[in-house]
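Chains A and B are the protein sequences, given in the same order. Using the numbering used here, the letters of the first sequence map in sequence onto residues 40 to 150. Using the numbering used here, the letters of the second sequence map in sequence onto residues 64 to 173.
In case anyone wonders, no lab produced these hints; they're calculated from the structure. Check before you lean on any hint, since a few could be wrong.
Stated by the list, open to error - Straight-line alpha carbon distances no greater than 27 Å define the calculated DSS-like cross-link-like pairs of lysine-lysine that follow: (1) B:165 to B:136; (2) B:78 to B:165; (3) B:165 to A:50; (4) B:72 to B:85; (5) B:120 to A:96; (6) B:72 to B:120.
Just so it is clear, the structure is predicted and the values come from calculations on it, not from any experiment.
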Amino acid sequence: DAGITQSPRHKVTETGTPVTLRCHQTENHRYMYWYRQDPGHGLRLIHYSYGVKDTDKGEVSDGYSVSRSKTEDFLLTLESATSSQTSVYFCAISETTGELFFGEGSRLTVL
Amino acid sequence: AQRVTQPEKLLSVFKGAPVELKCNYSYSGSPELFWYVQYSRQRLQLLLRHISRESIKGFTADLNKGETSFHLKKPFAQEEDSAMYYCALRMNSGYSTLTFGKGTMLLVSP
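Starting from the given sequences, assemble the full structure and let the hints guide the process.
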């Protein structure tokens, strides 16, 4: 497995609270991604990064922000969590944009 | 915009039966196509990509540009093939991210 870890792995929070998910890699890959996985929707790209401090929006970026201050860390923040953001969040890394290596996922429940 | 369609949410077959997981795409250019797999309690991982034209775990997939399809096939399914399968597309022009389909759950029964 690629050296990629996500934290926390499980989180339950209440509507309106801020939440930050962390993705950490030890592979020194340039590209990092945050996806969400939902039944009936598959995997949808939230945000991605193509270098330190270089990020861009994906398909479902509303309500999410990201930061990448170091090559190895990519943070996903929900400023004010909503129930529609209950999901499983996957971080992925790649050196090119072809093969992605995924983390184990972070299950977020917003009550 | 590019789109990936996997028409079947669930495909259930018996062990030893042939399997075909369908994937269709819409993209006017020349795409790169991939199949990713997620086994129970494991990470998503790349199964195969069209440019390598290889067979992984007995699975093959051929890119058919005329039909804009990239169906995944295996002649004899095994129980350990049970998993969620995602087809994905990348535009072959400059920098591009992957667009995934909604996935097909394959269940192989004994």
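Violated hints, by number in ascending order, as checked against the structure = 5
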